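Peer 1: Dock chains B, C and D against chain A, hints included.
4 protein chains.
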Amino acid sequence: MTAERPSLHFHQAPADPADKWEFDDKPREECGVFGVFGSEDASVLTALGLHGLQHRGQEGCGIVSYDGRFHNERYLGLVGEHFAGADMPVRLPGNSAIGHTRYATSGGTILRNVQPLFADLALGGFAIAHNGNLTNARDLRERLVENGSIFQSTSDTECILQLIAKSKKARVVDRFVEALHDIQGAYALVALTDTMMIGARDPIGIRPLVLGDREGAPILASETCALDMIGAKFVRTIEPGEVVVASRGKLGKIEIVSHFPFPRRKARPCIFEFVYFCRPDSVVDERSVYDIRKRMGRRLAEETGVEADVIVPVPDSGVPAAMGFAAASGIPYELGIIRNHYVGRTFIQPKQEIRALGVRLKHSANRDVLKGKRVVLVDDSIVRGTTSRKIVQMVREAGAKEVHFRSASPPIKHPDFYGIDMPAVAELMAAQMTIEEMRKSLGVDSLGFLSVEGLYWAMGENARNAENPQFTDHAFTGDYPTPLLDHSRDQSGRDVQLSLLADKAAE
Amino acid sequence: MTAERPSLHFHQAPADPADKWEFDDKPREECGVFGVFGSEDASVLTALGLHGLQHRGQEGCGIVSYDGRFHNERYLGLVGEHFAGADMPVRLPGNSAIGHTRYATSGGTILRNVQPLFADLALGGFAIAHNGNLTNARDLRERLVENGSIFQSTSDTECILQLIAKSKKARVVDRFVEALHDIQGAYALVALTDTMMIGARDPIGIRPLVLGDREGAPILASETCALDMIGAKFVRTIEPGEVVVASRGKLGKIEIVSHFPFPRRKARPCIFEFVYFCRPDSVVDERSVYDIRKRMGRRLAEETGVEADVIVPVPDSGVPAAMGFAAASGIPYELGIIRNHYVGRTFIQPKQEIRALGVRLKHSANRDVLKGKRVVLVDDSIVRGTTSRKIVQMVREAGAKEVHFRSASPPIKHPDFYGIDMPAVAELMAAQMTIEEMRKSLGVDSLGFLSVEGLYWAMGENARNAENPQFTDHAFTGDYPTPLLDHSRDQSGRDVQLSLLADKAAE
Amino acid sequence: MTAERPSLHFHQAPADPADKWEFDDKPREECGVFGVFGSEDASVLTALGLHGLQHRGQEGCGIVSYDGRFHNERYLGLVGEHFAGADMPVRLPGNSAIGHTRYATSGGTILRNVQPLFADLALGGFAIAHNGNLTNARDLRERLVENGSIFQSTSDTECILQLIAKSKKARVVDRFVEALHDIQGAYALVALTDTMMIGARDPIGIRPLVLGDREGAPILASETCALDMIGAKFVRTIEPGEVVVASRGKLGKIEIVSHFPFPRRKARPCIFEFVYFCRPDSVVDERSVYDIRKRMGRRLAEETGVEADVIVPVPDSGVPAAMGFAAASGIPYELGIIRNHYVGRTFIQPKQEIRALGVRLKHSANRDVLKGKRVVLVDDSIVRGTTSRKIVQMVREAGAKEVHFRSASPPIKHPDFYGIDMPAVAELMAAQMTIEEMRKSLGVDSLGFLSVEGLYWAMGENARNAENPQFTDHAFTGDYPTPLLDHSRDQSGRDVQLSLLADKAAE
Amino acid sequence: MTAERPSLHFHQAPADPADKWEFDDKPREECGVFGVFGSEDASVLTALGLHGLQHRGQEGCGIVSYDGRFHNERYLGLVGEHFAGADMPVRLPGNSAIGHTRYATSGGTILRNVQPLFADLALGGFAIAHNGNLTNARDLRERLVENGSIFQSTSDTECILQLIAKSKKARVVDRFVEALHDIQGAYALVALTDTMMIGARDPIGIRPLVLGDREGAPILASETCALDMIGAKFVRTIEPGEVVVASRGKLGKIEIVSHFPFPRRKARPCIFEFVYFCRPDSVVDERSVYDIRKRMGRRLAEETGVEADVIVPVPDSGVPAAMGFAAASGIPYELGIIRNHYVGRTFIQPKQEIRALGVRLKHSANRDVLKGKRVVLVDDSIVRGTTSRKIVQMVREAGAKEVHFRSASPPIKHPDFYGIDMPAVAELMAAQMTIEEMRKSLGVDSLGFLSVEGLYWAMGENARNAENPQFTDHAFTGDYPTPLLDHSRDQSGRDVQLSLLADKAAE
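As they're listed, the protein sequences go chains A, B, C and D. First residue of the first sequence: 1, per the UniProt record's numbering; consecutive thereafter. First residue of the second sequence: 1, per the UniProt record's numbering; consecutive thereafter. First residue of the third sequence: 1, per the UniProt record's numbering; consecutive thereafter. First residue of the fourth sequence: 1, per the UniProt record's numbering; consecutive thereafter.
It is worth saying that the hints were derived from the structure and are not from the lab. Quick caveat, the model's predicted, so the values are computed rather than measured. Treat the hints with care, since some could be wrong.
Identical chains blur together in the list; that is why a pair holds if it fits in one copy or across any two.
To be verified - List time: in silico BS3-like cross-link candidates among lysine-lysine, alpha-carbon distance up to 30 Å: (1) K390 to K233; (2) K351 to K233; (3) K253 to K233; (4) K233 to K401; (5) K250 to K169; (6) K233 to K440; (7) K371 to K233.
The following block holds chain A by itself, in its conformation from the complex:
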């Protein structure tokens, strides 16, 4: 923070980051997007679609609909808490709507950042919802402010809106495309104007976006499971670099037009979508997520097999991989850990002394399954290691004779800049320790990770193409697919956040 810019400041990590991760030591997706054009009850369909994308973000949600005027509601909290009433068609009327669901951070949550963002531009209203992260947002923001733009939020998405507002092109789509040429990073966008719905995916398709159809009305969604939720048919995946526009043609028929404003490049989707984020019943880029995860478990068993009595998943993240591991190894699959589904947003805070006795708010040991057994715990990943360590200790206290830990993805060593919430490098266990050090730290008899090659095999690839990798996999490999402008300007290891005044009252 410099004297000239008193309102800029670094985003603070929570006082004790351990707390944040205690209950869910996983990378987290930032968002899900959804849109529907030309259908009755568009806002109801959008609410249902967002509900189907709820696993992609639980911090906040919003819907914009259009019926000659734009209508907007945004909330902190779950879709079902706010968009559940029979009054939805009255609150958010119209035949087109877009929506957004956003992940839960601790602390910095403010309503102003909840999307869709909306602006009343010279050409009319424009609403936009964004999944992903721009890698040059800070740079863009500073240039825009120099030229007189006033930002309402700290969201990188607002840069896109401000760029569109400044564009001198005559048509909205051309303004939108002009703005895309200025931004870098990962994005799947859904936008709404008074006459069209627009979808766009970044040039290498880091974040997913699919096109569906429900009784002739086009649907855009982050995942296919949102289409299933509303009984829509899957049409196709939006291609990397594609801008797709749905509007009504001369005779009132809905038309869908594709634009490819960038030189065509090979797709490089984020491999995390398959490893963690997508729902197992989604099909992403023609691959069944559930099947991939079982294959990861199967290959993991082959690469890191061990003599044992039971295969126990860390629920729910490790379930499909543990099933695959059990099938490949022939060792019985048992629910040795029970998850408590009633853990909400606030947590009971026992004192340290009580905590040390083995309090487990989210997971409980199924003692009968573990006692005297050689146990293989299977999870999808290890991030900070804090939760894994506690689970291992709980399993040991329940009487396990041996505890082996297996991660169905490779060691995570590098930070993300494309919309995934991960701890800083200094907190990534695999970035700071050798495998043997990790084994000791977790307190297990053996520790194994799926190899990068194994992961690619699970994805159905023969091998990773080192020249031109099929996936965005930098967390495992350090190989970033785009320039990192903001990051290279600021070497703190964590990007700065711009902050407007938070309206404490309203948010």
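Peer 2: Here is chains B, C and D on its own, set in the frame of chain A:
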């Protein structure tokens, strides 16, 4: 309702009972109870214990603690929403505390009925928490009101409190026992006075209650999983008809004394606890719940086996039985149905037209697993059949070639009066239809239920003792273990509810 | 408080009582009551009537209506905040209703004590609202609890309800009268059953109660201004010791019957009602309150006249007396102090340092009127003196040359036990100081009080009848009109409060 | 509204505007502003100052403070409800702060419009609070949006902020002055940057602004009563067209510099400030408001005197004029109407039938004073006449023999565009009727208004200078002091409102 008693009225069923059951067509336990005596931070331990019993009731929760004065907080909602703060030892100070968690009904929920109930009696304060249901509550209430008692709640539990208040015995325990002699039905009670904690279980032990120990402090809880939650040791099950009193002896040492005020009878615990209510990691009356449920699935496969490609559990209730079924049948176990964990207390309400397209808020089909397959769906029970029917339809729409449904418990034909929330007989599918009619109604290729004998086998018994059944199993057999006074007076098939004025503002 | 009754405790004074009184250093009335029988929209009329009695209590309010069932809503806060909607006839339907409004204390406010209280008795539902205070409530409560009654509230009013519940008389009215024979102190009661509305006033009529009529429907209200609010005619004052019952006769016609269960005694209404509590537009016991207050000012001028330039009221309490004072003295009446009407229930808390500079949240000096003048400040009373002292200082800082203070009532030296909220004797300025000490403490050039004889003159009496005083005037004279049983048992100078557990969540 | 701008729409009048005005049929001031620079606890002083300006607006309030970073809180509701805590210096730390309080409209209230507005500009943060109204806001907004500005609010004040953001001047003050050159209408502005506090008043000083001093720290406030509230000294009135800048000089000493960027013009303050808006204890432009209002009453008596028994003010607005009227006429002044102070933001809604009986929620008749009397009612003005008519009817029903109505200001015939909330011309009684028609419509025996000349006399002027009037008095004369650009573009008689999407959730 008669002219003389204008404030008494029948408890109304919700306008469209289908709505109530759409999302969770299961019998529901009414409550969990917990108590701790003589430990620092008693209220924190109680909050943790109740959190571990949250599956037994999500409607409301309350804690009473004692530190020379009684302190009380009761809420609608989850334990973690209200008893999570670091300020618990200030809000609810003291070395002893009891708590209660209560199930979620739609509509009739009022704060006055949330427990523990408390009264300032002539001998001092008295707090009580109750799991179960009295079968002569209406009769007792009328007699008490005739004699000048003013009721605060519509809860049957208040009868116990009013009886204690009226007792002329000199000692609190004797008053308590005198009250027990007047009540009939099912109860596991935990009570707190200024000098002792009391536990009691009805003469045949219908509802569960266990004794634990945490660093010398006695614990009472509905299930062992609540002991695990706070790192307490399991000591023993409270016996049917036992009244156990924890207090400080002459030298300040905690003493535990047992009373058996009733003639000793053989235990007859409710078999529903094993089939549905208890957490799989609990051990009830020396039996592992998880293991019993897998055995139910195994026996179910033997009794109702069918040729198929995949065994698919209805999550989460059918998971252990499906694992047992798959193991016994050798057919692969697959997660063909994905549960959406973000379904909260309010639900998105699509219009009928949208609903008909196959909207699934709570469950989604994992299409890849089901397509073209012969599928065996395994659930723990069928109650009204509404949810089962929807799931079958969803599985068919996902492309299953055949759908077979298997219930890991026998047909439910008879109502409950001991604290389980079940629909009226007219809504119990198995009470109204033959198996073949049910099969057609559910739209499945075959339908099978576990036999009563099979259920007893899964429980580790050789056979059901018809003279003197080992379990309370009336829902399957019609064999009720106690008189049903209120019910025989009122033949509506559903017991009447007494209602004080609801304070709309406060509750 | 004894060891056996740990839940009884003394009601604590607020930590710094000065804060409590800073903004309103006045005695405060405890309640207003209202009832209507046999009129459409009874709850709407009751809400309006309570709004007209809002000056008698701003802490909480409640309404019970009856339409074949009893309906009840109680709230903390103002009538207009809770009973304002067009949905009132749906929320609280029926042709009869009673209501209550209650004064604002700091701290001990709990919803359980908000009235009307209701109980479901053997003879049917019974609702009751009480203005006044019982002087043997503690004694009664202890006896009732010994005999098995469980109290829901800490209110003395509940004793009446419990006595009625215990009565063995056959008719509700007889039970009610039996209960009245057990209670002592001040009361104006309005009650509602399924067939009648009952009103009652204590044997000497300490608290007021009037009968009105609106299109044939009888109305009961604390003051006539509540009748004006709903366009009802004033019929007569309820007599001391009268029990009046409105019900429907054989042919459905409304009948009003009076009972006089006590030996008839001379009325002795509380003189505070005239001095402070009643609204100036009310007529109490045939006397215009506004006129009495102007007469108090006129006589005050005669008794304590002084040479001055302006007469300035302390708004709003001192306004009529100041007008009378000005008229009698011939000195101009000017608004030298402006009251800020936007002072709500929370107050801005400046630091001591800022406060010392002369911050005035509730009153401001109208400098132009005061500068260089000899000012007579007129208020209706002096209680603790804290506010008076601040106002004097403010007037001096605005440039007044002389400040004379006049109280339009005699010095207050004795506590109240009949429903008026006054500070303890130790905080009553006139109980602790001589007039000269008070003058110095307030910092005024002269100080004068109306004499007791002057007060009686203003009331239209020739003189106070010392044998048999016409009014309850103990605050000035120490002459209490009833025995003080609880008080004589407990010599703390402030009566003990019984406390049930406070449900922190609900209240 | 045109097809291209679907998000622009006209501000709707409430469905039944009568409801809006029932309780307060007065013109209403839009805002109060306050600022303090270089004092400890600046936000506490600002809260106190705003509390003292609460009569200028009760809709919303906000404070921005600066302590190296900007802090902002804005709320709907009263100052004392939101800025009352002892935690203010922590919530809003710093040695400088500005604040705003805003009037209450029904319906269109949204938090986004509550001020101060803030923007993070290229030169640093900038906060601004505005009292007044711009007459070219719509035109400015359209031009700014064309050039890429995105508006956050529908407030005209945001135009000023956007103009500053766009300015290319090097210094903040120069940017501010450049923006002032683009705006037209009425404004008193207080702004805060990281190094200075700025105050500004429009070229003819329509809205008031004064400079005070509290222990060396400069204060800006709409009225002197806000200075009194915090014990600050009045220094001087900010001159029309003056821009005053407080900052720290080289040695850290606070310096105040004045700029006069416009050609100097004669002041023409809004006469409504004296007639209605200012608190009686304020001194505006060297005139005591209380004294002016009494003079208005005195002159009114001379111009419109009538034989009568009592002079009765319509409280509280008519009080000083009624005192003046009584003094001049020698007829006694009596409180014949009592105001109910507990009328809050929601109102009890009696049905039409009940209403017709004479329900009076806000005012009650003091029957004793009115009965059989010839009554002169004195109010400060008549706007729509609805409240006046009800009061007249109430006074008649209380038994008045004659009712004469006197308005202490001339007939209001013309709309306002400078920040006063008045009904449309079609609803202004004096714009639609002759005096005799008004008399009949109000149902009075005689009706009289103060003349324009009389009003100027009360202000201390010899006569109105028709060439160059001393005051902005268009409501009475139709003589507008500035061009009305937006109005002349839109002849609807009521200016259009620009509306962004309302975030229903947040606001």
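Peer 1: Between K233 and K440, at a C-alpha cutoff of 30 Å, which is it: within one copy, between copies, both, or neither?
Peer 2: Between. Shortest inter-copy distance 29 Å satisfies the 30 Å Cα cut-off; intra-copy 49 Å does not.
Peer 1: Using 30 Å as the alpha carbon limit, work out where K351 and K233 are close: within a copy, between copies, both or neither.
Peer 2: between (51 Å within a copy, 19 Å between copies)
Peer 1: For K233 vs K401, is the C-alpha pair at or below 30 Å within one copy, between two copies, both, or neither?
Peer 2: Between. Shortest inter-copy distance 20 Å satisfies the 30 Å Cα cut-off; intra-copy 50 Å does not.
Peer 1: Given identical chains, is K250 near K169, meaning Cα to Cα at most 30 Å, within a copy, between copies, both, or neither?
Peer 2: Only inside one copy: K250 and K169 sit 23 Å apart there, 49 Å across copies, limit 30 Å.
Peer 1: When Cα atoms must be at most 30 Å apart, do K371 and K233 count as within-copy, between-copy, both, or neither?
Peer 2: Intra 48 Å, inter 15 Å, cutoff 30 Å: inter-copy only.
Peer 1: Within a copy, between copies, both or neither: where do K390 and K233 come within 30 Å Cα-Cα?
Peer 2: Close across copies (19 Å), not inside one copy (43 Å); limit 30 Å.
Peer 1: How would you classify K253 and K233 at a CA-CA limit of 30 Å: within, between, both, or neither?
Peer 2: within (19 Å within a copy, 70 Å between copies)
Comparing the model with each numbered hint stated earlier shows that all of them hold.
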